[in-house]
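Under our numbering, the very last position in the sequence shown is 873; numbers go up by exactly one each time.
Source of the hints: derived by calculation from the structure; they are not laboratory data. Among these hints, one or two may not hold up.
[Claimed, not checked] What follows is a list of derived Cβ distance ranges for each label pair:
{"id": "1", "residue 1": "841", "residue 2": "868", "range": "20 to 26 Å"}
{"id": "2", "residue 1": "839", "residue 2": "863", "range": "21 to 27 Å"}
{"id": "3", "residue 1": "821", "residue 2": "842", "range": "40 to 46 Å"}
{"id": "4", "residue 1": "821", "residue 2": "841", "range": "36 to 42 Å"}
{"id": "5", "residue 1": "841", "residue 2": "861", "range": "19 to 25 Å"}
Predicted model, so just to flag it, every value in this text is computed and none were measured. All residues carry an ideal CB built from backbone N, CA and C; glycine is no exception.
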Amino acid sequence: MGKYLRSSCKQQQQPSKSLKPNSCSREVAAEHAGEHKHNPAAAAAAGRRPPLSPPEAEIEAFFAAAELAERRRFAEKYNYDIALDRPLQGRYEWEPVST
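Please build the complete structure, drawing on both the sequences and the hints.
Given below as structure tokens:
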């Protein structure tokens, strides 16, 4: 069974010997070209390798550094340690809230 491409174009395409590009044919071609992006098997069949992801340790280090920088920025701005959930000395005076 063949693979069918769906198009949202309302123009009727007439078969002809010379294909003229129009908005519909460009949309269908763009959708078809993007198929290999998310399908590694199709990319391999087309002779391309899927992009390599960084190692998990590198991803963890990246986000840990970003989280630490955000915690420091927040603590300096609001004099509150969000990791320990306690106020620090500084510009704001924090008071406990009764629930």
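Each hint, compared with the structure:
{"no.": "1", "hint": "841 with 868: 20 to 26 Å", "in the structure": "holds (22 Å)"}
{"no.": "2", "hint": "839 with 863: 21 to 27 Å", "in the structure": "holds (26 Å)"}
{"no.": "3", "hint": "821 with 842: 40 to 46 Å", "in the structure": "holds (43 Å)"}
{"no.": "4", "hint": "821 with 841: 36 to 42 Å", "in the structure": "holds (40 Å)"}
{"no.": "5", "hint": "841 with 861: 19 to 25 Å", "in the structure": "holds (20 Å)"}
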